[in-house]
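Peer 1: If you want the building blocks of each chain, they are given just below.
Protein chains: 2
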Amino acid sequence: MNNNDIVKVFAPATVANVTCGFDILGFPLENVGDVLTLKVVKEKQIRITKIEGFDLPYEASKNVAGVVIQKLVEDLEIGFGFEVEIEKGVKPGSGIGSSAASAAAAAFAVNELAGRPLKTKELVKYAMEGEKLASGISHADNVAPSLVGNFILIRSYDPLDIIRLDSPADLFCTLVHPHIQVNTKDSRKILKKQISLELAIKQWGNVAGLITGINLSDYNLIGRSMNDVIIEPTRSILIPMFDKIKEASIRAGALGCGIAGSGPSVFAFSKGKKMAMAVNDIMREIYRNIDINFDLYVSKISPKGAFVIKNGN
Amino acid sequence: MNNNDIVKVFAPATVANVTCGFDILGFPLENVGDVLTLKVVKEKQIRITKIEGFDLPYEASKNVAGVVIQKLVEDLEIGFGFEVEIEKGVKPGSGIGSSAASAAAAAFAVNELAGRPLKTKELVKYAMEGEKLASGISHADNVAPSLVGNFILIRSYDPLDIIRLDSPADLFCTLVHPHIQVNTKDSRKILKKQISLELAIKQWGNVAGLITGINLSDYNLIGRSMNDVIIEPTRSILIPMFDKIKEASIRAGALGCGIAGSGPSVFAFSKGKKMAMAVNDIMREIYRNIDINFDLYVSKISPKGAFVIKNGN
Numbered sequence: 001m002n003n004n005d006i007v008k009v010f011a012p013a014t015v016a017n018v019t020c021g022f023d024i025l026g027f028p029l030e031n032v033g034d035v036l037t038l039k040v041v042k043e044k045q046i047r048i049t050k051i052e053g054f055d056l057p058y059e060a061s062k063n064v065a066g067v068v069i070q071k072l073v074e075d076l077e078i079g080f081g082f083e084v085e086i087e088k089g090v091k092p093g094s095g096i097g098s099s100a101a102s103a104a105a106a107a108f109a110v111n112e113l114a115g116r117p118l119k120t121k122e123l124v125k126y127a128m129e130g131e132k133l134a135s136g137i138s139h140a141d142n143v144a145p146s147l148v149g150n151f152i153l154i155r156s157y158d159p160l161d162i163i164r165l166d167s168p169a170d171l172f173c174t175l176v177h178p179h180i181q182v183n184t185k186d187s188r189k190i191l192k193k194q195i196s197l198e199l200a201i202k203q204w205g206n207v208a209g210l211i212t213g214i215n216l217s218d219y220n221l222i223g224r225s226m227n228d229v230i231i232e233p234t235r236s237i238l239i240p241m242f243d244k245i246k247e248a249s250i251r252a253g254a255l256g257c258g259i260a261g262s263g264p265s266v267f268a269f270s271k272g273k274k275m276a277m278a279v280n281d282i283m284r285e286i287y288r289n290i291d292i293n294f295d296l297y298v299s300k301i302s303p304k305g306a307f308v309i310k311n312g313n
Numbered sequence: 001m002n003n004n005d006i007v008k009v010f011a012p013a014t015v016a017n018v019t020c021g022f023d024i025l026g027f028p029l030e031n032v033g034d035v036l037t038l039k040v041v042k043e044k045q046i047r048i049t050k051i052e053g054f055d056l057p058y059e060a061s062k063n064v065a066g067v068v069i070q071k072l073v074e075d076l077e078i079g080f081g082f083e084v085e086i087e088k089g090v091k092p093g094s095g096i097g098s099s100a101a102s103a104a105a106a107a108f109a110v111n112e113l114a115g116r117p118l119k120t121k122e123l124v125k126y127a128m129e130g131e132k133l134a135s136g137i138s139h140a141d142n143v144a145p146s147l148v149g150n151f152i153l154i155r156s157y158d159p160l161d162i163i164r165l166d167s168p169a170d171l172f173c174t175l176v177h178p179h180i181q182v183n184t185k186d187s188r189k190i191l192k193k194q195i196s197l198e199l200a201i202k203q204w205g206n207v208a209g210l211i212t213g214i215n216l217s218d219y220n221l222i223g224r225s226m227n228d229v230i231i232e233p234t235r236s237i238l239i240p241m242f243d244k245i246k247e248a249s250i251r252a253g254a255l256g257c258g259i260a261g262s263g264p265s266v267f268a269f270s271k272g273k274k275m276a277m278a279v280n281d282i283m284r285e286i287y288r289n290i291d292i293n294f295d296l297y298v299s300k301i302s303p304k305g306a307f308v309i310k311n312g313n
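For the protein sequence lines, the chains are C and Y, in the order given. Quick note: the first sequence uses the numbering used here, first residue 1, plus one each step. Quick note: the second sequence uses the numbering used here, first residue 1, plus one each step.
Don't read these hints as lab results, they were simulated from the structure. Where hints are given, some of them may not hold.
Identical copies carry no separate label here, and so any pair may be met within one copy or between two of them.
As the list claims (entries may be wrong) - Here are the computed lysine to aspartate or glutamate pairs in the DMTMM-like style, where the Cα-Cα straight-line distance is at most 20 angstroms:
| id | residue 1 | residue 2 |
| --- | --- | --- |
| 1 | 8 | 83 |
| 2 | 121 | 218 |
| 3 | 132 | 198 |
Produce the entire structure from the sequences given, and follow the hints as far as they go.
Peer 2: This is the structure:
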């Protein structure tokens, strides 16, 4: 244990899948995320005392942050309890890792107060417990980038193998979140369980291209590889104006465009901030013309994952 | 047209698929390949005058090199004919791109004698015509590395997008070719046309890992990623002692092991030549103990594709 008994942490929103990289790739956004304050208390219980921003369960066993903290308390044999305050900056159901940001923040904060017994990568499996509560599946492609930062490749789940990839310096993301709700559970249900080998080969050809583009800072190759022939054709139906946004963004000069996570948010990659801002204007224009509210973000691929905002009182 | 009317070229044997990279990845071996001599003749016809090493059709329209030359003659509107001599160094049915080596050599030689109107990458689609004759499918994962050299990623077939990846400097391949025949056509037939999304995700996670390992010279990651959960379980049944070779090679220190192309050759990657030689000994020992003849090769990932051995008489 260290001397601090209170810590305030930030964990970013994240974009999982990244077109063809379904379930294996994700990255964090800058400046959008959840803030979680964790305070040590004597009583060995987890008490959520405040949730700002959105309406979420206060009961620890039903709260994403709560279950993550509980699991860490058990495994690290922590002899005290916690009070938790959560400021949700990521809207649930937005497709940019709302539950993941809370889960990552919770895992990161507990580890800080426990004197950092675990490496950040080792926290991923704990944060995955929160994902399991939220979506029924303990996936890592949001929690890992939210904890670790940068592009994160989940090569394998068993054993869990997480690889951090440096992002090309000039790669920017434009992201629009239309205010319709797509539930991750539902959005997984509509996926086919069997796919053709032919399509699968196309997909892993594009995965290989996208990864090479990231590794070698080949922006054009990143763009050419941003094709999801398996998930997007099914899921994009749930997102209003998806085809138009994608087509207009790419026509304007974006490298590529796809669904953020399970949607409904849509993201595009651009080379340089100027182009990312132009794509931002295009997305705004398209959603302004229909009766849907939306949020827009322009961000680098954040090299930072979760971090401490403030230690101690 | 240049002044030379005869050229002798070499095109290397190649390993396609490279475990998880089914249909999208391949690399050439050093010092194993086909030698093709092409001579300009006045009569506008393609005449194969000599085939050494193996018994293959002399009729140009039924010969892999013949059809490649014919296609180039048509597209480049070449106003003369050719005499062709082929020294097969790659055994048909070996799984290391026998037809591809002939096809690549033929395309490369015609381009040389025609004064190099096409870039080497542009020759790939012509060499693919030879593959189509040989296996019924015009795949590129042998002809592209045989022509271009180094690791070759076929990101997409439509449009054809070929990306050359530098190999880690210390990466060696040990390859054993047991003398049993596996026909590419048959070996494709046994593959399932539908696969589970779950397995496909595992596969592209490994593809992403393997490509990252190659791009960043991370040998350990290359090894961890060499898992083919889709093709190998079916095809390896046709290869005697496959499981034993794989297990013993990895236990001895190889990074990973898999089927070369559609088999029956089996390859392993190692860091450093010393380890690759040790794996060579292990493979020899295993096949010596059963009644099958075999060839063994130890090779770097050749940075060279097809090249001119001799220009002019």
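Peer 1: All hints, please: hold or fail.
Peer 2: Okay, the hints, checked on the actual structure:
{"no.": "1", "hint": "8 x 83", "verdict": "within (12 angstroms within a copy, 78 angstroms between copies)"}
{"no.": "2", "hint": "121 x 218", "verdict": "between (27 angstroms within a copy, 19 angstroms between copies)"}
{"no.": "3", "hint": "132 x 198", "verdict": "between (31 angstroms within a copy, 17 angstroms between copies)"}
Consistency with the previously given hints is maintained throughout, with no hint failing.
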